[in-house]
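Participant: All chains should be built: construct the whole structure from the sequences, respecting the hints.
One letter stands for each residue in the lines below.
Protein chains: 2
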Amino acid sequence: MRLFDFFKLSRRGPTSADTAKQRLQVLVALDRKGGGGPDFLPLMQKELLEVIRKYVEIEEERVNVDFQAGTGFSTLEVNIELPSETAKMAV
Amino acid sequence: MRLFDFFKLSRRGPTSADTAKQRLQVLVALDRKGGGGPDFLPLMQKELLEVIRKYVEIEEERVNVDFQAGTGFSTLEVNIELPSETAKMAV
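Line order of the protein sequences matches chains A and B.
Residue numbering for the first sequence follows the numbering used here, starting at 3 and increasing by one per position.
Residue numbering for the second sequence follows the numbering used here, starting at 3 and increasing by one per position.
Some hints could be false.
Unchecked claim - Quick partial rundown of chain B residues pointing at chain A, CB under 8 angstroms, derived from the structure:
hint, residue
1, R25
2, V28
3, V30
4, A31
5, R34
Claimed, not checked - With the C-beta cut set under 10 angstroms, the calculated list includes, among others, these residues of chain B facing chain A:
hint, residue
6, K23
7, L26
8, L32
9, D33
10, K35
11, F42
12, L43
13, M46
14, L50
15, L84
Claimed, not checked - Quick list of simulated restraints, FRET-style, between CB atoms:
hint, chain 1, residue 1, chain 2, residue 2, range
16, B, E63, A, E59, 28 to 38 angstroms
17, A, A71, B, E52, 36 to 46 angstroms
18, B, T73, A, T73, 32 to 42 angstroms
These are computed hints drawn from the structure, not numbers from a lab.
Only a predicted model underlies this, so the values are computations on that prediction, with no experimental measurement involved.
Built from N, CA and C at the ideal position, the CB exists for glycine as well.
Facilitator: The structure is reproduced here in structure tokens:
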């Protein structure tokens, strides 16, 4: 349950605006113990969002992206606020 | 730095087999406060992996997928162990 624990931790307290919303969070972490290697997470981000867009309606202004790169690691965090009942259930 | 903190937490202690490896972790969490809605995370999983495969070499046996669904949330966790210097740097 580690992931869910994190998800709960990262959640702000509910606000009236939040209560009716669905929220989708995508976290990508690359642990480059061997050092080096190009940072492909920012490039991959656009394509990951395209996949998600097949399943749910995404409004650009509701997408928040945070990328961080450090020595031996990079992380990409994408937070998307979805309108309720927005899932498209694509095949 | 919340994501990185989580990433550090979720890391097992290093083993001799780990030290030369890169690791890619993808976490997708859907917070369905409004209840209901279809669970599209398992469907999305295959397509997300296809995107990642464009950027890095993935061996099937090095991919570990965990899906959990509960009341009002679902989470998808994909852990991929990559050989060092495997990034393809696709465009």
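Participant: Against each hint, give a clear statement of whether it holds in the structure.
Facilitator: Evaluated hints:
Residue-level restraint check for R25(B) holds (minimum Cβ-Cβ distance to chain A is 4 angstroms; threshold 8 angstroms). Of the supplied interface hints, the one on V28(B) holds, with its beta-carbon coming within about 5 angstroms of a beta-carbon of chain A, less than 8 angstroms. Of the supplied interface hints, the one on V30(B) holds, with its beta-carbon coming within about 5 angstroms of a beta-carbon of chain A, less than 8 angstroms. Annotation: A31(B) was flagged as interfacial toward chain A, and the flag holds, the nearest CB pair being 5 angstroms apart, inside 8 angstroms.
Because the beta carbon of R34(B) sits about 5 angstroms from the nearest beta carbon in chain A, less than 8 angstroms, this interface hint is met. For K23(B), the shortest C-beta to C-beta distance to chain A is roughly 6 angstroms, which falls under 10 angstroms, so the interface hint holds. With its C-beta approaching chain A no nearer than about 5 angstroms, L26(B) sits inside the 10 angstroms limit, and its interface hint holds. Against a cut-off of 10 angstroms between C-beta atoms, the interface hint on L32(B) holds, since the closest Cβ of chain A lies about 5 angstroms away.
Against a cut-off of 10 angstroms between C-beta atoms, the interface hint on D33(B) holds, since the closest Cβ of chain A lies about 4 angstroms away. Among the interface hints, the one on K35(B) holds; its C-beta lies about 6 angstroms from the nearest C-beta in chain A, closer than the 10 angstroms criterion. The restraint placing F42(B) at the interface with chain A holds, with a minimum CB-CB distance near 4 angstroms, inside the 10 angstroms limit. Annotation: L43(B) was flagged as interfacial toward chain A, and the flag holds, the nearest CB pair being 9 angstroms apart, inside 10 angstroms.
Using the Cβ-Cβ criterion of 10 angstroms, the hint placing M46(B) at the interface with chain A is satisfied: the shortest such distance is roughly 6 angstroms. The interface hint given for L50(B) holds, since its Cβ lies 6 angstroms from the closest Cβ of chain A, which is under the 10 angstroms cut-off. Because the smallest distance between the Cβ of L84(B) and any Cβ of chain A comes to about 9 angstroms, under 10 angstroms, the interface hint for this residue holds. Taken as a hint, the range 28 to 38 angstroms holds for the pair E63(B) and E59(A), whose Cβ atoms sit roughly 36 angstroms apart.
The given range of 36 to 46 angstroms is broken by A71(A) and E52(B), whose C-beta atoms sit roughly 24 angstroms from each other. Distance hint check: the CB atoms of T73(B) and T73(A) are about 40 angstroms apart, consistent with the given range 32 to 42 angstroms.
Hint compliance for this structure: hint 17 is the single one not met.
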